[in-house]
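*Asks:* What follows is each chain in one-letter form.
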Amino acid sequence: MSTPNSELDKHLQALFGGLDTRADFEARLMARLRAESQTAATERAVRTREQERARYRRAVSELQTWRRSMLRMLTLDTLGIALLLVAAIVTAWPHVSQDVMDISRQYAPYIAMSLGILIAAVPLLAMWAEQTRRPVRLL
Amino acid sequence: MLTETGLMELVRSGRRDEAITLLLPAFRRKVFGLSYSFLRDREAAEDVTQEVFIKVWRALPGFDARASLSTWIYTIARNASLSALRARRPQSSLSDPEVTQAVEGIDPVPSADVLAERSAILRLVDQLPEKQRQVVMLFYMEEQSHEEVATMLAMPVGTVKTLLHRARARLSAAAGNMGATA
Chain A
285 MSTPNSELDK HLQALFGGLD TRADFEARLM ARLRAESQTA ATERAVRTRE
335 QERARYRRAV SELQTWRRSM LRMLTLDTLG IALLLVAAIV TAWPHVSQDV
385 MDISRQYAPY IAMSLGILIA AVPLLAMWAE QTRRPVRLL
Chain B
358 MLTETGLMEL VRSGRRDEAI TLLLPAFRRK VFGLSYSFLR DREAAEDVTQ
408 EVFIKVWRAL PGFDARASLS TWIYTIARNA SLSALRARRP QSSLSDPEVT
458 QAVEGIDPVP SADVLAERSA ILRLVDQLPE KQRQVVMLFY MEEQSHEEVA
508 TMLAMPVGTV KTLLHRARAR LSAAAGNMGA TA
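Chains as they are written, first to last, in my numbering: chain A, 285 to 423; chain B, 358 to 539.
If you're looking for bench data, these hints aren't it; they were derived computationally from the structure.
Predicted model, so just to flag it, every value in this text is computed and none were measured.
Take these hints with a grain of salt, some might be off.
Stated by the list, open to error - Derived PhoX-like pairs (lysine-lysine); straight-line CA-CA distance at most 25 Å:
(1) B:Lys412 / A:Lys294
(2) B:Lys518 / B:Lys488
(3) A:Lys294 / B:Lys518
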């Protein structure tokens, strides 16, 4: 066998010039890309849902912190109001007419008890509200 | 005519499938040839070619045009081929019956002598050093463009020419020897 260069070129051209993929290559590729596309969309949706859940949990946690601080404030406010009320009564006491004083004296234990109950009830009510609050539903 | 700008416009507007459809006619054979030159196995080369286009499809939104599109795709193809090559040993040969059958099927009416000669040449190509074999395959597959082969293999054009010259000299000599001993 003697193969001059032009002959060799011809053979090599014939051997490799027509190399190509099978006819169904593009169809198979497009099918795989479609599947890939669906998987990617599903993954994106799951990721978005996870991010939304995390964002919601953060928001709920911030809200709960805010509510707790508000309840603390409310309890302190109630105590302050009660003290102010006592101070106001003590200050106003000498100027109040005899009739009112008689009635007050008559009802003093009840008023004191009501005031005590009010002061004690606020934190209890706050605790109760905190415990019986509907659990937060995450998405 | 496929332009990088046009392609990126498609990708930006969320039409990646369309972009791939445009890329396929321009690069399918080249990527297949490149993978085949590494793997010397038609099935494996076709699998790698599919993987390459899936990788391109995934990575298209991040393509920043720092390198040309062809350079980028050939880099993906070379890396995928090398990974496939590492994952799959031992290598098959160009003269495997399946490969011989595939290349023989290109020319519909070769005579028995021509077929025998081509088979012999195929065996000789198979025995060439790896780089020379790759250059020969891609050069004759890619309409004899040194520049294109250089881009595909990430080599200087001069290196491609040298490798090709050496390979052809070797093939001619080997073919001559075969003829003398026959």
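*Asks:* Take the hints in turn and mark each one as holding or not.
*Replies:* Hint by hint, here is what the structure shows:
With a CA separation close to 36 Å, the supplied pair B:Lys412 and A:Lys294 exceeds the 25 Å bound. For the hint linking B:Lys518 to B:Lys488, the alpha-carbon distance of about 12 Å falls within 25 Å, and the restraint holds. Distance hint between A:Lys294 and B:Lys518 is fulfilled; the C-alpha atoms sit about 18 Å from each other, no more than 25 Å.
In summary, the one numbered hint that this structure violates is 1.
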